[in-house]
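2 protein chains.
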Amino acid sequence: MLDAGLICHLGLEVDGWPVVVPTSYGRQGDRLYLHGSAASRTLRAAKQQVPICVTVSLVDGLVLARSVFSHSVNYRSAMVFGYPEVCDGADKLEGLRVITEHMAPGQWQYVRRPTDKELAQTTVLRLGLEQASVKIRSGGPGDSGATDEDMGLWAGELPIRIGSLEPVADPNGPTGPLPEHLAVLGERLAKRLAPPG
Amino acid sequence: MLDAGLICHLGLEVDGWPVVVPTSYGRQGDRLYLHGSAASRTLRAAKQQVPICVTVSLVDGLVLARSVFSHSVNYRSAMVFGYPEVCDGADKLEGLRVITEHMAPGQWQYVRRPTDKELAQTTVLRLGLEQASVKIRSGGPGDSGATDEDMGLWAGELPIRIGSLEPVADPNGPTGPLPEHLAVLGERLAKRLAPPG
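Which chain is which? The protein sequence lines are A and B, in order. Using my numbering, read the first sequence as starting at 981 and increasing by one per residue. Using my numbering, read the second sequence as starting at 981 and increasing by one per residue.
So here's chain A without its partners, still in its complex pose (with noise of 0.2 Å):
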């Protein structure tokens, strides 16, 4: 599921307050790397030592059901809470990499690497996986065999999908021809988005 989706939602207190942000992030073995700018706020929160909560969610489907108190949504979500590390040197880049080949696979080995000033404008988290859990609700509305089915209603699921979309040339430059890996990128995450099955 971690590995599914593109972006997830970092929560944590910010001056007394929650906050719930969307991250670029990626998964490499037990660890969930973070990727923010620097100056952002909420990242430079996340570096003091405080808890955090990680939150991935797909939505399948509209559970669209014959009562009000039957209707749901169809979704994957995982939460990982725990004490974020700030990533420096090698760990830093390979967070980065993480990230990036988490966003479009092939990305890191055909783009240019970031150089020190960049990498001193960037801030990446490391997770463990230890404290995490998931939650999924599929299937069609809960209300069939109750006196609900007897009002002749339409009932079932509205299933959402990313559709498989072409790239878009940057209009602001020249590009060189279109790689194979980004070529097939938006058919890859239409599947990889899609629910097992």
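There's no promise every hint is true.
Chain B stretches covered by chain A per the calculated footprint, using a threshold of three residues with CB under 8 Å from any CB of chain A [as the list claims (entries may be wrong)]:
#1 999 to 1012
#2 1076 to 1086
#3 1091 to 1103
#4 1130 to 1141
#5 1154 to 1166
Keep in mind that the hints were calculated from the coordinates and are not lab data. For glycine and all other residues, C-beta sits at the position ideal for the given N, C-alpha and C.
Given the coordinates of chain A, work out where chain B should sit on it, guided by the hints.
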């Protein structure tokens, strides 16, 4: 933006830890309604006059740049902060109406309304929109004009869009004919979730 999203991420502190959970929601005027099971530990905590953060994020595309550093995600995100109120009586029913209609416009009139027993099993929270912020990133990679352009690499955006899908009838019980508002729901959601312009 709040009207476009399908789910939000609710963040708050539970037993000293930040917790981020995906949740159904809906907006009416300057009120955000959140839905959950009365048995949920997170929802129970949210009823104790604690501050919460509600974030709605829409991923519009992956920004594939000429350098690792300039990679990004095109997204729209809204964050709302405040102390939620627990809805009761007519306000609770109004909240459920707003949340149901947010998910599938037309459903509130079409399906069976909640019984008193069902209402007791449901928690609806209300949050004002006074403290809110919005972030948007759109467009191509920001590395145009840099010397990176000379590398002859392909750069651009992979748009992420929801496909327009067909409803699937409940396999576990008899369903009536598909009503018009559900027949067009997939197409409506795909349009609603797509970035403006």
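Going through the hints against the structure:
1. For the segment 999 to 1012 of chain B, the stated coverage by chain A holds: 5 residues have a C-beta nearer than 8 Å to a C-beta of that chain, and at least 3 were required.
2. Coverage of the segment 1076 to 1086 of chain B by chain A holds in this model, with 4 residues showing a Cβ closer than 8 Å to a Cβ of that chain against a need of three.
3. Coverage of a stretch by a chain is defined here by at least three residues with a beta carbon nearer than 8 Å to that chain's beta carbons; for the segment 1091 to 1103 of chain B and chain A the count is 8, and the condition holds.
4. Residues of the segment 1130 to 1141 of chain B lying with their CB closer than 8 Å to a CB of chain A number 11, which satisfies the three-residue condition for coverage.
5. Coverage of the segment 1154 to 1166 of chain B by chain A holds in this model, with 9 residues showing a Cβ closer than 8 Å to a Cβ of that chain against a need of three.
Hint compliance for this structure: no hint is broken.
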